[in-house]
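Participant: With the hints as your guide, set chains Y and S onto chain B.
Protein chains in written order, with my numbering: chain B, 1 to 343; chain Y, 344 to 652; chain S, 653 to 997.
Derived from the structure by calculation, the hints contain no laboratory data.
Wrong hints could be hidden among the right ones.
[Claimed, not checked] Heads up, incomplete: computed chain B residues facing chain Y, CB under 10 Å, no partners named: (1) G27; (2) L53; (3) D88; (4) R92; (5) I94; (6) L105; (7) G124.
[Stated by the list, open to error] To list a few chain S residues with every Cβ distance to chain B over 10 Å, as calculated: (8) E697; (9) D726; (10) R805; (11) R969.
Heads up, the beta-carbon is just placed ideally off N, CA and C, and yes, glycines get one too.
Each chain is listed here by its residues.
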Amino acid sequence: MNPPLLSVEDLHVSFQTDEGLVEAVRGVSFDLGQGETLGIVGESGSGKSVTNLALMGLIPRPPGRIDRGSAKLAGRDLIQMSQKELMDVRGRRIGMIFQDPMTALNPLMTVGQQLTEVTRRHFGLSRAAAQTRAAEMLEMVGISAPESRLRDYPHQFSGGMRQRVMIAMALSCEPEILIADEPTTALDVTIQAQILELLGDLQRRRGTSIILVTHDLGVVAGICDRVLVMYAGRVVEQATVTELFASPRHPYTLGLLRSLPRLDRDHSLRLEAIPGQPPDMTRVPAGCSFRARCPVALARCADDTPPLREVATGRSSACWHDDARQPAGVASISPDPSPVAGG
Amino acid sequence: MRNLVGYLIRRVGWMLLTLWIVYTVSFVLMRSVPGNPFSSERTVPAAIERQLRARYNLDAPVHRQYFDIGWGIVSRGDLGWSLRLEDYSVNQVLAEGFPVSASLAIFGLVFAIGLGIPAGIISAVRRGSFADLSMMTAAVLGIAVPNFVLASIVILLFVFILPIFPAAGWGTLQQLVLPAFCLGAPVAAYIARLTRAGMLEVLTREHVRTAMAKGLSPQAVVLKHVLPGAMLPVVSYLGPATAGVLTGSLVLEKIFAIPGMGSHFINAALQRDYFLAMGMVLTYTVLLFVMNSIVDISYAVIDPRVKLQ
Amino acid sequence: MSQTPILQVRHLQVHFPFSSGGFLRPVRGLIRAVDDISFEIAEGETLGLVGESGCGKSTTARAIVGLVKPTAGDILLEGQRISDLSERAMLPHRRVVQMVFQDPFASLNPRMTIGSIIGEPLRVHGLARGRDLQLEVLRLLDLVGLNPRFLNRYPHEFSGGQRQRIGIARALAVQPKVLLCDEPVSALDVSIQAQIINLLMDLQQQLGLSYLFIAHDLAVVRHIADRVGVMYLGRIVEMAAAAELYDHPLHPYTEALMSAVPIPDPVESAKRSRIVLKGEVPSPDREYPGCALADRCWLVEDRCRVDRPTLRNAVGREESAQQAACWVRCGERGDSLQDATGADS
Numbered sequence: 001m002n003p004p005l006l007s008v009e010d011l012h013v014s015f016q017t018d019e020g021l022v023e024a025v026r027g028v029s030f031d032l033g034q035g036e037t038l039g040i041v042g043e044s045g046s047g048k049s050v051t052n053l054a055l056m057g058l059i060p061r062p063p064g065r066i067d068r069g070s071a072k073l074a075g076r077d078l079i080q081m082s083q084k085e086l087m088d089v090r091g092r093r094i095g096m097i098f099q100d101p102m103t104a105l106n107p108l109m110t111v112g113q114q115l116t117e118v119t120r121r122h123f124g125l126s127r128a129a130a131q132t133r134a135a136e137m138l139e140m141v142g143i144s145a146p147e148s149r150l151r152d153y154p155h156q157f158s159g160g161m162r163q164r165v166m167i168a169m170a171l172s173c174e175p176e177i178l179i180a181d182e183p184t185t186a187l188d189v190t191i192q193a194q195i196l197e198l199l200g201d202l203q204r205r206r207g208t209s210i211i212l213v214t215h216d217l218g219v220v221a222g223i224c225d226r227v228l229v230m231y232a233g234r235v236v237e238q239a240t241v242t243e244l245f246a247s248p249r250h251p252y253t254l255g256l257l258r259s260l261p262r263l264d265r266d267h268s269l270r271l272e273a274i275p276g277q278p279p280d281m282t283r284v285p286a287g288c289s290f291r292a293r294c295p296v297a298l299a300r301c302a303d304d305t306p307p308l309r310e311v312a313t314g315r316s317s318a319c320w321h322d323d324a325r326q327p328a329g330v331a332s333i334s335p336d337p338s339p340v341a342g343g
Numbered sequence: 344m345r346n347l348v349g350y351l352i353r354r355v356g357w358m359l360l361t362l363w364i365v366y367t368v369s370f371v372l373m374r375s376v377p378g379n380p381f382s383s384e385r386t387v388p389a390a391i392e393r394q395l396r397a398r399y400n401l402d403a404p405v406h407r408q409y410f411d412i413g414w415g416i417v418s419r420g421d422l423g424w425s426l427r428l429e430d431y432s433v434n435q436v437l438a439e440g441f442p443v444s445a446s447l448a449i450f451g452l453v454f455a456i457g458l459g460i461p462a463g464i465i466s467a468v469r470r471g472s473f474a475d476l477s478m479m480t481a482a483v484l485g486i487a488v489p490n491f492v493l494a495s496i497v498i499l500l501f502v503f504i505l506p507i508f509p510a511a512g513w514g515t516l517q518q519l520v521l522p523a524f525c526l527g528a529p530v531a532a533y534i535a536r537l538t539r540a541g542m543l544e545v546l547t548r549e550h551v552r553t554a555m556a557k558g559l560s561p562q563a564v565v566l567k568h569v570l571p572g573a574m575l576p577v578v579s580y581l582g583p584a585t586a587g588v589l590t591g592s593l594v595l596e597k598i599f600a601i602p603g604m605g606s607h608f609i610n611a612a613l614q615r616d617y618f619l620a621m622g623m624v625l626t627y628t629v630l631l632f633v634m635n636s637i638v639d640i641s642y643a644v645i646d647p648r649v650k651l652q
Numbered sequence: 653m654s655q656t657p658i659l660q661v662r663h664l665q666v667h668f669p670f671s672s673g674g675f676l677r678p679v680r681g682l683i684r685a686v687d688d689i690s691f692e693i694a695e696g697e698t699l700g701l702v703g704e705s706g707c708g709k710s711t712t713a714r715a716i717v718g719l720v721k722p723t724a725g726d727i728l729l730e731g732q733r734i735s736d737l738s739e740r741a742m743l744p745h746r747r748v749v750q751m752v753f754q755d756p757f758a759s760l761n762p763r764m765t766i767g768s769i770i771g772e773p774l775r776v777h778g779l780a781r782g783r784d785l786q787l788e789v790l791r792l793l794d795l796v797g798l799n800p801r802f803l804n805r806y807p808h809e810f811s812g813g814q815r816q817r818i819g820i821a822r823a824l825a826v827q828p829k830v831l832l833c834d835e836p837v838s839a840l841d842v843s844i845q846a847q848i849i850n851l852l853m854d855l856q857q858q859l860g861l862s863y864l865f866i867a868h869d870l871a872v873v874r875h876i877a878d879r880v881g882v883m884y885l886g887r888i889v890e891m892a893a894a895a896e897l898y899d900h901p902l903h904p905y906t907e908a909l910m911s912a913v914p915i916p917d918p919v920e921s922a923k924r925s926r927i928v929l930k931g932e933v934p935s936p937d938r939e940y941p942g943c944a945l946a947d948r949c950w951l952v953e954d955r956c957r958v959d960r961p962t963l964r965n966a967v968g969r970e971e972s973a974q975q976a977a978c979w980v981r982c983g984e985r986g987d988s989l990q991d992a993t994g995a996d997s
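Just chain B, with the same shape it has in the complex:
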């Protein structure tokens, strides 16, 4: 196998808040391969967005801090880089798009000004060359009459069109990695479908690696190759997309999948909700942070934090059950619904 393009190891990020120290990311590790689409799934506060902001060096400091860890992009550690070096990575080697295209573009500058800014900064293009390039990019993301649209301001575009502009901007320097942070959450379903189609298509044509951050398992199933599931600042499961949905290993993943109402299935009377709520990040209990909501928690889950370990080739999970499964045969957590008590 080729060496990964990006290799994140034991990343820790914390924030100083009024309520105390929040350890938003607590030892996240993952690899991103060339041309791969990696989904990072989690609920709000799971640390999925912070992880990516940390890679870009965009954690506001203070109150944020990267306490530990490394993130090697083709061998060079992003975490150790100076702000100056990071400036050459951002927009050039890693492009980023955000959740709300309504607010992510500068309302006071034309779309053309915002698009040309990137290529002029990184490629040193002349105004005219940058303009041509910007028009090409708009055309590529499916915006018609690109030359004239360059003179328009963001408020003259619809939400879906603005997200296309964001994608054009993020890809205009042909970065190796595109980080998409909830790129379709603010959009309507039919527009979401268009944007996901566009991302998938661009990915196939250009071979860009994508990190797709989302809370929507449906989106993940549609376009990702591999998935990380995060909970309370940690990765609890990592698997290929087919494996994850076919046989989730971690009780949290399983719970998430069960609690989803689905369009393609007859609805049973009740959803199997995960009881309780995610821990208060200022007071994360010791041990496994999902313990309080876990239907199959063991005594040792309270004391020892289960590490993320490989449970099969290319697949890992952070649960003591995986440890106990083979030798002791403790209550397994098969995808069969019976052992899980309803919410």
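Facilitator: Same frame as chain B, but now just chains Y and S:
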């Protein structure tokens, strides 16, 4: 562009209407207060007063006066004669005093903007630093201290203790520095605070993060993506600020012995100098309209979402 | 469903006039937020309303509770017309319909304790006071699954899911018969969504409530609703029993909408074919003489642009409760059909 023309036509229409109202109100007010231009400490013989009244057309019935004066202004731009400054027409008084007051105001504003905006930017970017703290303390003082007190302090400092600038007078650039400083200081303080607040607000917006994610330098992000948005409240403030500076120069003109319009303003009202008072009020009305229109247009230039109404 | 439906909406229109443009010739126009829709909800029934942003689903709910004034049409509660009652005469009816909002935090006064937030409607309507009020609030907290200890806490001390429970308890305080739920779970995390959906379904069973459930998430609506109305540009383009709608969508818009919903299953997801509609939802400030979808529809015919289709059954399935407003799928028939309102009464 068509937007702009329409806007200007509307503004001029409103201005004419306002001017007419201002004219009427001040005409009525001036004539309804007790006393007249000739009833001062020195009693004027009745015959002479009659003569004077006839000369200035003040013996005509009030409604005739109202129309005659109004017509004079509309047809010839003639604001009439000053009743107190012998042999000066109001137009002449304005032509002499106004440029002086206006240059003082402009210098004051330039100074206020030049000092206020950079101070606000630095304060916001280095929030919580010593520089931020000291500049914002200075800003609070600048707003709190009345400009005549400030004038006494700077005269003491820069005329007597460190004789760099002349104490008073008009005509050289040197003489302009101290009064312009005193005039601009409170405005600079406001601008600094508005800039700082605006910057801090825009800095939290998501598009600033997008700009960072594009790999722009922090300087480029601040200048291109943060500052324009942060300037919007400052621009709004500049309209009333200009008016304030123009009218507020009154006391400073006295202290620094500057031959501007300030002294006329009070005297004209106190001495019932009907025509001069009227002329000044109308001039300032026009000025305010012009300033506010400039503010509106700049606002629309900075923010494309704003439509000129 | 032979009794009088608890809530009937007949030919409801909500138009917002706006003016903009030039100096001498201001352009005036109308936003047709809700453009002639009719539906009814039976006792204990859940009607889902789905559609994309701007389709008028929230405005419909706001018109029912009187937050916006209908331009035309009738709203009937328990068979009685309330749309043209005065404020005073409305008051007793207000209790019957209560609303649950998307963002519970924004709708909870941050300076009031949970106890007084839930107790307020009781006081306003003079339903309880003193010790009775206290007991009633405790009962409501228990009903929505909140610990009675929370009584004296403030909204900011609660998580999103708990706040939504508080919002539901407040809505239930006056013992309404209909809850209008406007995107009640879309601001919540996935694991919490299911809790709230379950709570709403339990409450319906216990209290015999009727729901108008408005959401953009079709899977959630399918799960909770008995019948579903699909809205597009202020109109209901399809109305059917939930299962029927999802199994055989009749209107092209429903079909496109459904095919766009991502399925959390990579195998299923790969098998599906997506219908991608051309372009985006057009502005509701234009009048569409024909079908509102005409410009984006792949089945479009000439008459779609000229005549406005009404809700009809599909040809050959006249007895079904599924109706769509589509000339192509629910072809021509001589007689004009009863509209949805007339059907049951």
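Participant: Does each hint hold? Answer for all of them.
Facilitator: Status of each hint after checking the structure:
Proximity of G27(B) to chain Y is violated relative to the hint, the smallest CB-CB distance being about 25 Å (cut-off 10 Å). Given the 10 Å rule on beta carbons, the hint for L53(B) holds: about 8 Å separates it from the nearest Cβ of chain Y. For D88(B), the suggested interface contact is upheld, since its CB lies about 7 Å from the closest CB of chain Y, less than 10 Å. Against a cut-off of 10 Å between C-beta atoms, the interface hint on R92(B) holds, since the closest Cβ of chain Y lies about 6 Å away.
Here the hint on I94(B) is kept, as its CB sits about 8 Å from the closest CB of chain Y, short of 10 Å. Interface restraint check: L105(B) against chain Y, minimum CB-CB distance 6 Å, threshold 10 Å, status holds. Below 10 Å, beta-carbon pairs count as interface contacts, and G124(B) has none with chain Y, the closest being about 13 Å; its hint is therefore violated. At roughly 16 Å, the least C-beta separation between E697(S) and chain B is larger than 10 Å, which holds for a residue marked as non-interface.
With a cut of 10 Å on Cβ distances, D726(S) stays outside the contact zone with chain B, its closest approach being about 30 Å. The beta carbon of R805(S) sits about 14 Å from the closest Cβ of chain B, which is more than 10 Å, so the claim that it is off the interface holds. Its beta-carbon lying about 21 Å from the closest one in chain B, R969(S) satisfies the requirement of being farther than 10 Å from that chain.
Hint violations for this structure: numbers 1, 7, all remaining hints satisfied.
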